[in-house]
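Peer 1: If you want the building blocks of each chain, they are given just below.
Number of protein chains: 2
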Amino acid sequence: MKLSPLQISRYQYNPKLPGMLRHGVSEICVKEGEATQSVADQEKIKSLFPNTYGKKEITFQKGHNNASSKKQIVGVILSGGQAPGGHNVVSGLYDALKSANKENELIGFLGGPSGLIEDKYIVFTDEYIDQYRNTGGFDIIGSGRTKLETQEQFKIAEQVCKSHNINAIVIIGGDDSNTNAAVLAEYFAANNSNIQVIGCPKTIDGDLKNEDIECSFGFDTATKTYSELIGNIERDANSAKKYWHFIKVMGRSASHVALECALETQPNICLISEEVAEKKMSLSEIADYIADSVNERANRGMNFGVAIIPEGVVEFVPEFKKLIQEINELLAGSKANEFNELPTWNDKYQFIEKGLSEQSFKVFEALPQLVQQQLFLERDPHGNVQVSLIESEKLFSALVKDKLMERKAKGLYKGKFSVLHHFFGYEGRCAFPSNFDADYCYSLGYNAFMLIQYGYNGYLSKVSNLSKPAEEWVAGGMPITKMMNIERRHGEDKPVIRKALVDLNGKPFKYFEEHRQIWAVETSFTFPGAIQYYGPSEVCDLTTRTLALEKGE
Amino acid sequence: MKLSPLQISRYQYNPKLPGMLRHGVSEICVKEGEATQSVADQEKIKSLFPNTYGKKEITFQKGHNNASSKKQIVGVILSGGQAPGGHNVVSGLYDALKSANKENELIGFLGGPSGLIEDKYIVFTDEYIDQYRNTGGFDIIGSGRTKLETQEQFKIAEQVCKSHNINAIVIIGGDDSNTNAAVLAEYFAANNSNIQVIGCPKTIDGDLKNEDIECSFGFDTATKTYSELIGNIERDANSAKKYWHFIKVMGRSASHVALECALETQPNICLISEEVAEKKMSLSEIADYIADSVNERANRGMNFGVAIIPEGVVEFVPEFKKLIQEINELLAGSKANEFNELPTWNDKYQFIEKGLSEQSFKVFEALPQLVQQQLFLERDPHGNVQVSLIESEKLFSALVKDKLMERKAKGLYKGKFSVLHHFFGYEGRCAFPSNFDADYCYSLGYNAFMLIQYGYNGYLSKVSNLSKPAEEWVAGGMPITKMMNIERRHGEDKPVIRKALVDLNGKPFKYFEEHRQIWAVETSFTFPGAIQYYGPSEVCDLTTRTLALEKGE
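Protein chains in written order, with the numbering used here: chain A, 346 to 898; chain B, 346 to 898.
Don't take each hint at face value.
DSS-like mimics (lysine-lysine), calculated; alpha carbons at most 25 Å apart, straight line [stated by the list, open to error]:
1) K347/A to K852/B
2) K465/B to K761/A
3) K586/B to K492/A
4) K693/B to K693/A
5) K492/B to K586/A
6) K586/A to K347/B
7) K347/B to K852/A
8) K896/B to K586/A
9) K896/B to K347/A
10) K813/A to K347/B
11) K693/B to K896/A
12) K587/B to K492/A
13) K347/B to K587/A
14) K693/B to K587/B
15) K587/B to K347/A
16) K586/B to K347/A
17) K813/B to K739/A
18) K855/A to K347/B
19) K465/A to K761/B
20) K465/A to K500/B
21) K347/A to K855/B
22) K465/A to K844/B
23) K761/A to K492/B
24) K587/B to K587/A
25) K813/B to K347/A
26) K492/B to K587/A
27) K761/B to K492/A
28) K587/B to K465/A
Because the hints were derived from the structure by calculation, they are not lab data. Just so it is clear, the structure is predicted and the values come from calculations on it, not from any experiment.
Using the sequences and the hints given, assemble the complete structure.
Peer 2: Next up, the structure:
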């Protein structure tokens, strides 16, 4: 493999640890805080986690390390979608573990949680780890989406761990993976397995966030990468002055990514799914909202602009959600065959018209044909509509175009509307981690080992005070059960970590709300440029606007 | 407008000049070289450019500046698509001009060549220029695609220049714009207008290149931006191990962008349009070529990969070109209405079957329906197929899928083939220029002023030896007529700068050819990461692999 100059250079980067972890493993001691309670449904959560519930929050500080120096064998798993910095969690964990005791071992399970079940693994060495320091991707051991959630899986996991003499597992994942980490921790505790489980908060979506976890790793780098591209496109739009760019960004359930990109780049329009749901907006209302900006900018002589569309927004539109439900029912079971055998799109269209409620058909009718066909022609193995395949950037530009044509007919709009479409997602998940993510992730991994050494189980590695320089960061751990509540999932009550949606009363959204009317009609574009790893600290080490605003900065 | 930390920081960057231009305008003298001849059709070109043909090549060197120090008023125009570094050409020009004489003035014509004809302009000031130093985009004065080519336009241009006392025009553009610059220069010379014209070689496509012009500006930054994204996607592919990514990159007529990105990132597949044309490849042959890689990788357990598709490749496939021709004829004039009135796609399909030759219908039949419909439903104002709207990345993935299904039926292929599609173009045209482009463009602009001061007309600003550090670059000028030949355009013989296609015997393609068999079946991905502006020189100041290979490095 040929290495790029940047990759060679990034190998040399020394990630910054929180001040309190800088004196070496032997100089780190524990300060215990208060016993914790889950954020809701305390009794239920307590009964489900009798052995791991109610533990104390802890922080580390400088002092004599009085933990046992017994040999530790630790397993690590990457779970779910890639996020920049995963390799640094592993290298931080490895470095702490080796500096505590050269005999310690780190085992990486391959291809995600299934690697643990199938006992596919590698044993890390200096040479191997050094190839992955400060690089993007999860290719160090691969990742996967298998969920560890059944008693059967737990039993196998225990056997595999025992066979390797593993005394702790670190699970690097999102809200679901960390929920499962807590359940596994409880299982091990209940069975007196003497195996600890530590979680690390990962996701570019930014929706694993709460009063304890200031942000999940990867969000910083991914949003900076998307913002680089959006800023470049804004500059192009402002130079060519003839296109509207509709840009879809990743974020199925929460709009943190879209919001952060908007704060970084100040586009004319950014939809926020949570607001669409809160205001129960219809497709037509959203299209009118965008068309108002296009119209007013045209009046001012600017037939160009940029609109950011979060990937999952259509699922937050109540009438669209209902349409999807009706389509799923309309094509359930054998009815799908009947539909598929209709020879032409016209025949199919009539079948649809007959099958949908009047209200849903109205919604359907107004969709561009491309999206109508996507709804019916591409369905998942259960026959359901694949909402993630809907090109919502094209859907909205088509709806906006219809609105503008109506206005033009009435003499209300005289502009031109040429649109280009983009989708940014895969471009950002495996970028070289920003200095922030490189530092944060390395610290999370290093810290995870400290939690292991001190014998904690069912904890999330926690590094906070993140809007400050790394020196001032605070390292510690939080029982995962503290973040849990009971939610209805697939018809069952389940203890889960609450997913953090965009808070419409939070400071990041409020800032956006205060400014967006101006952004919509003026050209207030900001051009962040590419992520920088060297050079002035104000260019290289800043984290997100979201975090800065949340911290009141 | 809110400025990003990078933008503020880039304002401070001092672009590097060639060593010979570093001693101040008063210490630059001219060394004249040989008289030049056009690359072909010498007699014809000479007769068309009696006043500007055959002039000498010149280089600058350190020495006493003996040019007249009369007040200079210079106009500048940005022409055509955006390319990173345009702002630096303007600021280099401005700085040289002001350092020669504070009374000198730089006038920017707005919105491209039409600004000159319509006399829309601004006069540059320090304060204004300083907002654009080392930034991307052409928003400093805007750009446009109007062509300056008629005698009528030249006459107006002359009047406008006279009204401002402009004694020189700098045209920043691609091959067509520089061809037109030469024609305008000849017009001014023939009329004794005392107005000089100097061109600067711009285009991200990299196809304005010849023995004199080592590369056009913007190519470096644009390909680095695309390579960043392709590398990130490769890393994602190698982490998730479940997707093939088909990535279309800009480049309508030449595949320099695709080739450079391939050299930077080592993907499994990269199509080169020039090779497709040379080998007269059919769509089916191309699909088989890609399918071979997918198949062999699947055999090795790797159901993932990355393929780069140059935007214009389908136009280089002989059978596809013929199909387009036939479709254009099939729908010419009133026949389009007849076609449009057919009620269903089936009816239209039958019309097409009847209208095409057997061979072309065979090609048509094998296309995915999406592309079939794109060919017929979206046509330009003249009724022609809009080839640029064809989603060739989707076309090829669909054809490859068909090939794989055939192989599967025969038991020859057992893999999975899930594809994601991307198109990178607008993301790179307005990025902050790389150090290379920032330096090169500033030098081109600075140098353009030197050519003006020494009274040259119809020259291209030339900076060469670009694969070496800037200190060793060579600055000078070349008569544009030297790069010209006669080509048939729209049924007429025209003197034009020869467009540089990828040379299949050149070193960059040869390097690619030598390695691609391995890249196709192994995973040799390289991850360039984001463009860096600070830090080690080997990370920040390198130009493209194409240039390095061409220069034998």
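Peer 1: Going back to the hint list, which numbers does this structure go against?
Peer 2: Violated hints (numbers, rising): 8, 11, 14, 17, 20, 22 and 24; every other hint is consistent with the structure.
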